[in-house]
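Chains as they are written, first to last, in numbering that gives the first Met the number 0: chain A, 0 to 542; chain B, 0 to 268; chain C, 0 to 303; chain D, 0 to 428.
Simulated crosslink set (DSSO-like; lysine-lysine; CA at most 27 Å straight-line):
#	chain 1	residue 1	chain 2	residue 2
1	B	K114	C	K152
2	B	K114	C	K112
3	B	K187	D	K197
4	A	K505	D	K402
5	D	K30	A	K513
6	C	K205	C	K285
7	A	K513	D	K172
Derived DEER-like restraints, expressed as beta-carbon distance ranges:
#	chain 1	residue 1	chain 2	residue 2	range
8	D	G312	A	E480	20 to 28 Å
9	A	R37	D	L425	31 to 39 Å
10	A	Q316	D	K426	47 to 55 Å
11	B	S27	D	N74	32 to 40 Å
12	D	A156	A	E504	23 to 31 Å
13	D	R275	A	E339	20 to 28 Å
14	D	G312	C	P157	54 to 62 Å
15	A	E198	C	M143	55 to 63 Å
Sample of chain B residues facing chain A (criterion: CB under 7 Å; computed from the structure):
#	residue
16	R133
17	G134
18	S135
In short, the hints are calculated from the structure, not lab data. From a predicted model like this one, the values you see are computed outputs, not experimental measurements. Here a beta-carbon is modelled for each residue, glycine too, at the ideal position from N, C-alpha and C.
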Amino acid sequence: MLKIVNGAVYDPANNIDGEVRDVCIDDGKVVDSVEGGRTIDASGMIVMPGGVDMHAHIAGPKVNTARKMRPEDHRLDPVPRTSLTRSGVGKSVPSTFATGYRYAAMGYTTAFDAAVPPIAARHAHEEFSDIPVVDKGFFVLMGNNEYIMQQIAAGERGRMRDYVAWLLQATKGYAIKMVNPGGVEMWKSLGNTHTLDEEVVGFGVTPRGIIRSLAEAGMELHLPHPVHIHCNELGVAGNWETTLETMKTLDGVRGHLAHVQFHSYGGDPGGMFVSRVPELAEYVNTHPNLTVDVGQILFGDTTSMTGDGPLAHMLHQVTGRKWVNVDVENECGCGIVPIEYKDKSHMHTTQWAVGLEWYLMVNDPWRIALSTDHPNGASFVSYPQVIRLLMDREFRREAIKKVNPKAVAKTALPDLDREYSLFEIAIITRAAPARILGLKHKGHLGIGADADVTIYDKCDDAEKMFSVPRYVIKEGEVLVEDGSIRRETFGKTLYVAPVYDTAVEKDIREYFRKYYTIEFENYPVQLEHYLPRPREVATTGDS
Amino acid sequence: MTVLTLKSQLQAPLEAGVIVPDRFAGNSVAAVAGMPVTYGNEAACLGDFFKVAGAGSTEIVLEGDLGRVKNIAAGMTRGKITVHGDAGMHLGSEMRGGVINVYGNVGDWAGSEMKGGKIHIHGNAGHGLGGAYRGSRRGMNRGMIIVEGNAGNEAGAVMRRGLIVVAGNAGDFAGAFMIAGTLMVFGKLGIRAGAGLLRGTLVTFNQPELLPTFCYDCSYSPSFLKLILRDLRLQGLSISEEYITGCYRRYSGDFNRLGKGEILVYDQR
Amino acid sequence: MTHSINGVEIEDTFAEAFGMWGSRVIITAVNRKWAREAASKMTGFATSVIRCHCEGAIELDLKQTPDGRPGVSVLFFGFSKDSLAQQLIDRIGQCVLTCPTTACFNGLDAGDKVSVGGQLRFFGDGYQSSKVIAGCRYWRIPVMEGEFLVEDKFGVQPAVAGGNFLILGSDPGVTLQAAELAVEAMQHVPGVIMPFPGGIVRSGSKVGSRYKFLKASTNDAFCPSLRGVADTDLPEGVNSVLEIVINGLDVQSIEKATCEGIQAACIPGIRRISAGNYGGNLGKFKFYLQKIMEETRRNDRTDA
Amino acid sequence: MQVDHVVCAFCGCVCDDISVTVEGDRITKAKNACVLGKSWFLSHGTPSDLPVARIEGKPVSLDRGIEEAARCLANARYPLIYGLSSTSCEAQRKAVALAEVLGGCIDCCTSVCHGPSGMALQGVGEPTCTLGEVKNRADLIIYWGSNPAESHPRHMARYAVTPKGMFVPDGRKGRTVVLIDVRRTPSARAADIFLQIKPGKDFEVLWALQALANGQKPDEISIENTGLTYEQLTGLADRMMHCKFGVIFVGQGLTQTRGKHFNTSAVFLLVRALNRHVKFALIPMRGHGNVTGIDNVLAWQTGYPFGVNFSLGYPRFNPGEYTVVDLLSRGEADAALVVAADPISSLPGKAARRLAEIPLVSLDTHDSETTRSARIAFTTSTAGIHAEGTVYRMDNIPIHLRKVMDSSYPSDEEVLDRLLAGVKELKAC
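One chain only, chain A, in its complex shape:
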């Protein structure tokens, strides 16, 4: 039992905006009142739900290959063991333990990996078992799944939907993820798609068809988070039209567009980027079925890792740096390249400004989530810096002075005066991502919510304040106090188990026999073995 008293509470989901009130916790949940137990006096402090990261790359084969690839990065940031915590490394691709501790130390209590190949789902779960503190889940890559494409082409919509449900069950995943739908399949023969209406060679479908079909399937399966889309043409000048087309394709269907920053460029392919955020943000503002996260970039060296193989190859050719490509049978692929964002660079400055424009131009904070697409834009540990850029106009102006002046002048950023309030920050870092993900028990402090709470010392420097919370409470237990971890726990794994007609399994089994290299029977992830603390999120259909 725990009582947090006298704190200014920011709980946007319950419309509480800085009101001084108590938060009571019992048995890991927020309750109406408690008798006894510890009391934390949060006078002069700010109380918020624990942060929710809805789009990051923190576990699974791609992240782990990036770890193997970057000893030079790890060397810069060793994380020593303590009597309570395991050692590891930080920087752009932190080890599992460091990932958990650093999220926790920043007041984040839930994080999702945005791209897991279904066949390697077991790997992601194994890593999850070694990521302390936070609750976690992952999205399952489906946008280039050959079985799905074949069913779409054959008009077998029902079978496709059943397969999607089966796949989510088999992988213990959380949502449908599309990465460059159709394009990654084309990359398996060195190609890519460039418009939504180009045929995916050998499969008789188009990216548009894949997007629409999977989005509908997600809705029909009542998934808490219907579809999570990494649009085609990431990082290419002129890609904003593809992004807009993707939005239009979702007409009337819920959909989340990931790291929109990387998809909002005008200009000619191969040429200089220009921002097209105004047009795209306006479309989002007027279409409530759409949500986005930003994928803010910050300057410095990081690791780009993506399910978008052709994109990684392009980055490799531009930067000349080491390059990993993995094509995954029947399902997807990935690419990894180290990248350094430079404030002198015209292109990188434009990207930086585009990200900030998104935050400042989407009117409804409930439909935009803070992300850096960790580690693609920057490490998740730099979220506090992003927060300050949004909350502090003067800080932003100073930052604008340090970047490429020609590039930033071509964006709307210097003219945007909006400042986020603490209430709005609480939305984009907690309440909104939880709501977008369909997590009813997260992102707020109402009765019955998970008792994941972060308490900050009030401070004018928002970056400082959000970097080092005073207390972090997870499931009712005080884990971080005065900036250090006080005990190690492991959070839960969030997954969905949508119902489907098991008749589909016969067909899938046959497909496995023909095209996979592992047995159908050995494919599904064993819940009891790989999810030490499972938590199924219901697919009830009231979303």
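With chain A fixed as given, assemble chains B, C and D onto it according to the hints.
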């Protein structure tokens, strides 16, 4: 001047990155002796292993068989370290300035990723001399290393700037993936020297076996080499006059990369 | 207080000199012939900054050079850092880069540096490469003969130009002889050059002219043939005047050179040593002849 | 009793289609398994008469063994944990935790097999794919310095050569198979083309092929020493640049011969260059059943795939410094724990001798030179026969091991967990 004398033979590696003028300067004898080191997996003090004479200064003299002492002078920016005996791995790695003299042999990765200063090894060097740690984009980036004996494999690998001179032989893959800079080997080169050379210069005085991606250009007497060789004389190396005035066969490569590197081979004729 | 040397009067006047930017270029080659060849081409048409945009001449034959080959040093002076840099680029590019076997080095350890090799490198058309040796960057430019090596940056420093003295002689023969002796003596002084032909100028000038377009014109006060028609500064019996113009990297070098030159020029037949000035209003530096002679002599005695 | 879809954890192929017949307390059949797999199932599926724990060869209780082993390791100044390639990820995770608490080094068989492939990845990256991509798409298969017929007997039949795939409907007929090695191995029989290179010339050939893929002409004279003619070389390059999807399987003939990580880097760079023309990939032929797993476990827990040192309380990586052969040859390691490996019979003499000299704790399912030299030897059950667990195939695909029968021995995971507890108690942390 601070003199450290090793008290007894070490069994396990001693991590002694504290032995660097930047750390010593201005400290008392007791403070120097109390500086933290790690012996194997145990935290310990410098004084547990060394007799310390003289307060901490920017001029340090080390005595004894320091073959298991790692990270001596790592990251050093100024001053002078003299080792009378062998030194362990990572000597002067990532150093930025100052001078290190070793009258003995040194372990692997001496001068790795160094960014300035000078290391003069009077004995042999191990592998990865002036090289790069795994995954790094750049090895040595400015500064000078002189080895009077032999060097191991991967001397000057991924080197970006600076000069490495090996008076004896060098192992395999000397100057591999070098970005720029100069590696000079007076003895024999191991196999596959200059593999992946982007720019930069390998100078050698014995005809090596060249990779198929190097191409013979000409025999000539490049002026810049005279400058380097004459400067080496000033550093105390004896350089024969023929090397300064003589001709070198130039091979350019590696054509699997930019191809702007060169291997210069002293022309005996 | 003597005002004469070997019976030659040292006029109580001063040479008026100007601030300029100076540089020293070292040229080496396979032998002295080719080093001097490049140097003399490079210093051609470099007598007066007014129309040549710089002033330059060979300073010394060098015993020690960076690459150990025979070499010479050349001093160059220009009105500004930028104009001097451009002259160095043009002249090294056209006269040293082109000359067989040469290499070209900076010879001045100065705080200010201008990019020379860094500009000339583009001649390499992408095949150029650089080397940093003992802290200096050099550019290697492939040429048909082999490879041209030139230092990336050259030092430039505030210097003095226009130091001078006038030799007033009884006839052209003896005056020329005296001037030659003076130049010969001065050539051993480091840090100075005498930029005019053979180090000697016969057409000393004054500021301005009666023509609007001409900024300098003949020094009529010292022209023997105008003794009758112009206001003359010539004593009786002077039938020929030659001037030695001295540019130096610093004041001391010019003083030393002036002293040595005057000493050597005071031979029988010379009537007077004078100096060119413009009343002291134009130049930053004044070299008083009598003072120089005395002080230098005093110093020489002390040294001995 | 027959158990289907059983996973063979013997080699990096990790075939998961084995039907195992259990009769009483032994395995009598392993249908679909290759000769190596059969032998593995049958020998590990046979009751052992080894004691669960021995100290200096004398049987002791498990508790006593744990107590002594924990003391032995906790007292060490530079302890080494080694092996781990033939055990489950669950056990490997415990081993890393133990290494951390000990402040020691942990290294795995990777460092003496495909460590150089890992180093190539760190240097230049890696264009690769899963084995199913090979099955479904590859029309050019190159085995380089690997001998699958003997080391991975089902590799060709199951993944790379004979199976019919989505875009290779004709199976074997749709593929060209090239074997490149320094000697004609039994794998040559299955290849369309065998190219014999002179020992120690792989790098030169790879380098020349890369030049051709880059549009450069390699020096003909230096090709002469490689064992290939210039025509053979250009023929191979031509084949590579004109296939639809090619793959090189990288063997220890490259990773463990002179040049090591440069040889693998040369393959990786060649494949990178080929990707300008056609889709091309490479896959290291990982040997032991879960050697890929320990790389993965180490990478996610510490950031580094092998040869990790914890002496400063955080992980550090430096092959040559913290790798098994180096630690032992230099006489630095002063105690060792060997799990599921037999380094005393496989490591170079000097390293093996040092290992035999120092206090040694071993965990293995059967007797070996290492267990016999160990001061404390534990006999453990076999992951994949007696215990569930996870292994990673050579292409990083994680596969869940099925349990086929019970064992009276504890699993590696269990023993390591108890050792961890024991060491923590002794070190008071």
